[in-house]
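With chain H fixed as given, assemble chain G onto it according to the hints.
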Amino acid sequence: MILKNNFFLLNLLFFFLSFLGSVYQSQFVYDPFHWGLSQSSIDLFSDLKPYKEIFIHYGFFYTISNSLVLEIFNNDLISTMYLSSLFFALGNFFLCHLGYNKLKIKTVYFLPILLFLAHPFANHPWYNYQFYFLIVLSIFFLIENKRFSLFFTGTLLSLSCLVYENFIYLGILLIITIFFFQRNSKKKYLLLLGFLLPQVIFHLYLLNNNLHPYWIKTFWLNEVFLIIYDLTFFELIYRYLENFLTKSIFNFFSEPYYLLFLIILLVNSYFFIRFIFFEKKNFKKNNINMCLFILSLVCLFSYASTLHKLNIFRFSTGPIIGVLVMFYFIEKNYSKYKNYLLTLILVILVSSSFVPIKQENNRFFPLFEDITNNYSSKNLVFFKSQKWRKETWDVINEIDRNSYLISLNCPKVTNFMNYTEDAFIYMIANQYINSNQYLFWYEDKKFYRLLSNHFNKNINLLIDDISKLENGIIFFNLKDKGLLSKKIDSKNFDYIEFPYSYQQKRKGLMIPKNCLEKIN
Amino acid sequence: MKKKLKKFKSDRVKYVYFALIFIFLMLFTINFVFSFFQNKILSILQSQKFENYVILKVESYLEKLSEGELSEEQIEYYSNLLKRINQKFKPVIDKLEK
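Going line by line, the protein sequences match chains H and G.
Going by the numbering used here, the first sequence opens with residue 1, and the numbers climb by one from there.
Going by the numbering used here, the second sequence opens with residue 1001, and the numbers climb by one from there.
There may be inaccurate statements among the hints.
[Claimed, not checked] Computed cross-link-like contacts, DSS-like style, restricted to lysine-lysine with a CA-CA straight-line distance of at most 30 Å: (1) G:K1098 / H:K491; (2) H:K487 / H:K513; (3) H:K309 / H:K445; (4) H:K336 / G:K1095; (5) H:K247 / H:K309; (6) G:K1090 / H:K479; (7) G:K1064 / G:K1049; (8) H:K106 / G:K1014; (9) G:K1095 / G:K1083; (10) G:K1098 / H:K505; (11) G:K1095 / H:K445.
In short, the hints are calculated from the structure, not lab data.
For reference, chain H alone in the conformation it holds in the complex:
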């Protein structure tokens, strides 16, 4: 009992450490590419139609949960990080609870520390953290074995497929597997009911608003990524395995967490193969083995989310679930050395993860200078909790001031375009002026060109319109001025330069000459 209480306290300690650390750290983050996606969540509560007029990148449930939290915190962007941090910390908490109290793996005592060292803080307001929490909770209910627990397993798996829509294939496969391995024939239909309910509600909503054609477009977005990387699916897998193996072995001393995830992959593959080909009957009789099988299945499936990039935050919000199978494996097969082995793993992780600088497993550890000198500015609701450098605030405030002045003095200017990678510019300008851009960022690069073409948005046509009708403004990186000058009629347009900052570089604004005269 004392051990159990101690474990609970340890688990709770790392829950708060991870949650509060993520929130504190995120105050200093300037990441307009990832954070800018919150614009879809802001737009969701407007008159615009999702998928058709709002770019929904990963999943509807991810977008709407961010919308809710933004609504509560009055569009303060840091609230999306509160949500991600909470989901991440809760996911870790339940994973440890599941291993120690439900699966009775005693060595899980080490797990809260290991999870913290592998990926201490949530780095982005990204779908992965919500997905991770929902998946862990669904497995938690699977092992609960209470009256409606299978219903909740189904519902949570369904919601995780709505957070990350491309998981639907694997989600369905998972539901079918769980369904056929359930002994209680009555209860197992609750699993299907739980899974279908959120999906039916979502698709009825799409049907009612005639949004299915637009949803499908987003659903097939992964194909575009293959074109961007110029790879076939099999080439992608080959390159992934090659990079994963190389990083695991050659970066062992600097980034040992890759090796940890390679070991998790190997142990879970072994467990899965053993189950399928050799011990299915023995396993089916044992509920814990069944749960471990499902864990290994989820773990192996979620490696798919890392195909895109070998980011530790992706590994730590999916494949990490298989760590329980690894602990179980060590406890069963190396019981004599289990504590030595796990201590060694922790010490190896500490040796390169527990350092006061940004690393792959924590990409936003702030500079000491930023902690002491950065400050908040209450000027803009989106960023009122951020602590940024003075030069960064100067650019933000200048963009805000100019956008406001243009909307006030130039009635002919009805739309803007963000020809930069900085989606914060889109958010600021969008307060005063409309945009037909669909995507919140754009640069003259293959990635953005293909993404825009996929959604049938021709950026060059939009620029042409602005140039001919003189009814719009274009925010751009000053290094792209030569490129834009060829597309914009220089007789009628001039440009403003914003102050320089290290984080934003030099941005500019193409503006009709008659409008510039009015705001000066």
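Showing chain G alone in chain H's frame:
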């Protein structure tokens, strides 16, 4: 002697284990100290103080450069150097004059 050898053999896993722990703790200390100073250095490079220092230093170098007279060799060397720079940046200067 045999007993000692047996004991050593039975303990060797422990020796290897503690050696590994020691190595990785050392690595941790090195990494921690290195990262701490890396963060400090980056903080300094990002700071206003450092920017002011660089400006003052450049001023000082320019002042020193303007003092005294050039030797024949220096005149030859600098005129070649400036000629090459002028050639390289001519299109830029021409564009500025337009």
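Please flag the earlier hints that this structure goes against, numbers listed from lowest up.
Checked against the structure, the only hint that fails is number 4, while the rest are satisfied.
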